[in-house]
Each structure stands twice: as structure tokens, then as C-alpha cells.
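Undergrad: Numbering follows my numbering, with no gaps: position 17 of the sequence shown is 59.
There's no promise every hint is true.
[Claimed, not checked] Cross-link-like lysine to any residue pairs, in silico, SDA-like; alpha carbons within 20 Å at most: (1) Lys272 x Gly240; (2) Lys246 x Ser219; (3) Lys136 x Ile177; (4) Lys165 x Val260; (5) Lys276 x Glu127; (6) Lys165 x Asn196; (7) Lys235 x Asn187; (8) Lys165 x Tyr274; (9) Lys276 x Asp232; (10) Lys257 x Lys276; (11) Lys136 x Lys246; (12) Lys231 x Ile192; (13) Lys231 x Met201; (14) Lys241 x Lys165; (15) Lys276 x Ser219; (16) Lys235 x Thr130; (17) Lys235 x Gln185; (18) Lys160 x Val277; (19) Lys181 x Ile167; (20) Lys235 x Glu279; (21) Lys160 x Asp133; (22) Lys272 x Tyr253; (23) Lys257 x Lys165; (24) Lys272 x Leu121; (25) Lys272 x Leu249; (26) Lys236 x Lys246; (27) Lys141 x Ile125; (28) Lys141 x Lys241; (29) Lys181 x Met201; (30) Lys134 x Leu121; (31) Lys257 x Val169; (32) Lys160 x Asn275; (33) Lys241 x Lys181; (34) Lys165 x Leu121; (35) Lys236 x Ala175.
[Claimed, not checked] Label pairs and their computed distance ranges (CB to CB): (36) Asp182 x Asp133: 12 to 20 Å; (37) Thr158 x Asp232: 28 to 36 Å; (38) Pro218 x Glu279: 18 to 26 Å.
No lab work stands behind these hints, which were simulated from the structure alone.
All residues carry an ideal CB built from backbone N, CA and C; glycine is no exception.
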Amino acid sequence: MFILKLFKRIFSPPKEPLTLEQHVKNRLAKGDTNEQIQKDLLDDLDKGGPIFGDFKKGGKMKKIVLILGILVLAGCATLPGSITENVTGFDKTKEIVMKEAWVGNVANIALGLYWTSKMDRDKVILVAMVQGAYIFADKDSLQFNIDDNIFTFNSIDTMTNIETREGVYNSVAYIPSENCSTKRYEMTKDFIKKLLDGKDVWVKVNLSQDYVESKFSVDVPMGARNGFRKFYNKVWEIKN
């Protein structure tokens, strides 16, 4: 029996690590309470446990990750960087969306991706979001620096979209509503690949009177780079 167990362990394929959403759903299915799961998430983040690995960020990012766990528990949020697929009932258009995710470990710029079967196969829409109510610059509002090569993009939108996102008010959490400013940009498959392959990649959003920037080439839980990688594999590396 021991030999059989050892053989199975050696030759069985390694299990894929659970995502935060899967972890929470499994815990809820076992009957664990929201409060206990939230406590364990925070403990895991502090200790660099199996859910968050060696990710040990304090301050704002630590609070953001905990809030995300709370939102998932409350069933009122889609995790940043997650990929969703949909087929419309109206004309059977296929849609693949990457939820906006923060760039690097600073919560000031979030990026998302969007593709539909009505678009060219190698094109994609990138959504750039800045926290707060800001007006994007009229020209050259989005820039990427990939290994000291700068790429500049103009938005396909004339106006900046500013919306207020609802907060969460319940016995579990109090998270106030906030303003978010977004613009959309047309990108290509090849450029998304450049972003993923770059060693030192930064993103900059030029505003009407200021700018914000963050490092893209950082792998963090629920971060933009991880989300881009999953989106790329879903849309372009798997033939439909």
C-alpha cells in the first residue's frame, strides 16, 4: 500500500494552485463562516501562506487584498484580473473580458481588456482606469515604456468617462463609494505580447493637469500583468 501511494504521488501531475475566488467558494461550501475566512485570509497575507505565497505588502495594498476577499465573500464583486466569457443572446457574439486590475503594487492605475468576435482577431480594446475624478489628456494620454522604448496611444473615446462606483455597507465591511475615470484604447495582439515579454515595463496615464504612473512588470496577486497573461492565453493561444 505504501509503495502504491508513493508511486501515485510521484507520477501524478501537480495540482493547479487555487485562485482566491476558488478558495473562498470551497471554504463556504464546507460551512465556514465569512468572518473566519476573512481572518484566515489576513493571517495568510501576513505570513506569506499558501494563498498569497510570499506576497507581503503592508499598508494600502494589504487593505486592498483584504477588501477584495470581503467583496468576494459578500458576492458583490468580480475579482480584478479575472476572465469572463459570454455569448450574447441577441446575435451570438462572443465576448471575453478581463476585469480591470491594478498595475503593480500601487493602487493608482488599473488596466482591463475586452475582445468580441466582431473585432479583428488580432485587435483588442484596453481600458485604462485612474482612481478619482480626472480628465485624461486630449492627446497621447496613455504611454508604455518597455525596456526603454516608449509607445504612445490616443484614446478611441473623445471624452473621459467618470463614474461613481458603489461602496459596500453591511455588517461585514464599510467601503465608501469612489470615483473612477476611464478611457479606451485599441491595441494589437503583438503589443500585448510585448508588454508581457518586457523585462522593465512602466505605464503612464497623462491627465489634463497631471499624470500617474506605475510599474507593469510586477507579478502580484490579482494584478494587471497576471490578468493580461491569462487573457492572452484565452484569446490567442487557444484556438476557438
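Undergrad: Please go over all the hints and tell whether each is borne out by the structure.
TA: Hints, one by one, checked against the model:
Proximity of Lys272 to Gly240 is assessed by CA-CA distance (about 16 Å); at most 20 Å being required, the pair is judged to hold. Taking the CA atoms of Lys246 and Ser219, the gap is about 25 Å. The hint is violated against a cut of 20 Å. For the suggested pair Lys136 and Ile177, the alpha carbons sit about 32 Å apart, so the restraint of at most 20 Å is broken. Restraint check for Lys165 and Val260: the C-alpha separation of about 24 Å exceeds 20 Å, so the hint is violated.
Proposed proximity of Lys276 and Glu127 is supported: the alpha carbons are some 10 Å apart, at most 20 Å. Restraint check for Lys165 and Asn196: satisfied, since their Cα atoms lie roughly 15 Å apart, inside the 20 Å limit. For the given pair, Lys235 sits about 14 Å from Asn187 by alpha-carbon distance, which is consistent with the 20 Å threshold. Distance check on the hinted pair: Lys165 and Tyr274 sit about 11 Å apart at the alpha-carbon level, within 20 Å; holds.
Between Lys276 and Asp232, the direct Cα distance comes to roughly 15 Å. Compliance with the 20 Å bound is thereby established for this hinted pair. The straight-line distance between the Cα atoms of Lys257 and Lys276 is roughly 24 Å, outside the 20 Å bound, and the hint therefore fails. Note on Lys136 and Lys246: the hinted pairing is violated, with a Cα-Cα distance of about 31 Å set against a maximum of 20 Å. The suggested pairing of Lys231 with Ile192 holds, with an alpha-carbon distance near 17 Å, which does not exceed 20 Å.
Our distance criterion of 20 Å between C-alpha atoms is broken by Lys231 and Met201, whose separation comes to about 25 Å. Using a Cα cut-off of 20 Å, the hinted pair Lys241 and Lys165 is violated, with the two alpha carbons roughly 23 Å apart. Pair hint Lys276 plus Ser219 does not hold up; C-alpha atoms about 32 Å apart against a cutoff of 20 Å. For a cut-off of 20 Å, the pair hint linking Lys235 to Thr130 is broken: about 28 Å separates their Cα positions.
Restraint check for Lys235 and Gln185: satisfied, since their Cα atoms lie roughly 16 Å apart, inside the 20 Å limit. Between Lys160 and Val277 the CA atoms are separated by roughly 13 Å; this keeps the pair inside 20 Å, and the hint holds. Of the pairs offered as hints, the one joining Lys181 and Ile167 holds, with about 18 Å between alpha carbons and a cut-off of 20 Å not exceeded. This hinted pair checks out: Lys235 and Glu279 have alpha carbons roughly 11 Å apart, not beyond 20 Å.
Taking the CA atoms of Lys160 and Asp133, the gap is near 10 Å; set against the 20 Å cutoff, the hint holds. Restraint check for Lys272 and Tyr253: not satisfied, since their Cα atoms lie roughly 28 Å apart, outside the 20 Å limit. Distance hint between Lys257 and Lys165 is unfulfilled; the C-alpha atoms sit about 24 Å from each other, more than 20 Å. Pair hint Lys272 plus Leu121 holds up; C-alpha atoms about 13 Å apart against a cutoff of 20 Å.
Between Lys272 and Leu249 the alpha-carbon distance is near 29 Å, which puts this suggested pair outside the 20 Å criterion. Restraint check for Lys236 and Lys246: satisfied, since their Cα atoms lie roughly 16 Å apart, inside the 20 Å limit. Among the hinted pairs, Lys141 with Ile125 is consistent with the structure: their alpha-carbon atoms are about 7 Å apart, no more than 20 Å. Taking the CA atoms of Lys141 and Lys241, the gap is about 24 Å. The hint is violated against a cut of 20 Å.
For the hint pairing Lys181 with Met201, the CA-to-CA distance comes to about 11 Å; that is within 20 Å, so the pair holds. For a cut-off of 20 Å, the pair hint linking Lys134 to Leu121 is broken: about 25 Å separates their Cα positions. In summary, the hint linking Lys257 to Val169 is supported, as the alpha carbons are separated by about 17 Å, within the 20 Å threshold. Of the supplied pair hints, the one linking Lys160 and Asn275 holds, its CA atoms being roughly 19 Å apart against a limit of 20 Å.
Using a Cα cut-off of 20 Å, the hinted pair Lys241 and Lys181 is violated, with the two alpha carbons roughly 27 Å apart. As the CA atoms of Lys165 and Leu121 are separated by approximately 24 Å, the hinted pair breaks the 20 Å bound. Of the pairs offered as hints, the one joining Lys236 and Ala175 is violated, with about 30 Å between alpha carbons and a cut-off of 20 Å exceeded. Checked against the hint of 12 to 20 Å, the C-beta distance between Asp182 and Asp133 comes to roughly 35 Å, which is inconsistent with it.
The given range of 28 to 36 Å is broken by Thr158 and Asp232, whose C-beta atoms sit roughly 19 Å from each other. Evaluation of the 18 to 26 Å hint for Pro218 and Glu279 yields a failure: the beta carbon distance comes to about 40 Å.
Violated hints, listed in ascending order, are 2, 3, 4, 10, 11, 13, 14, 15, 16, 22, 23, 25, 28, 30, 33, 34, 35, 36, 37, 38; each of the other numbered hints is respected by the structure.
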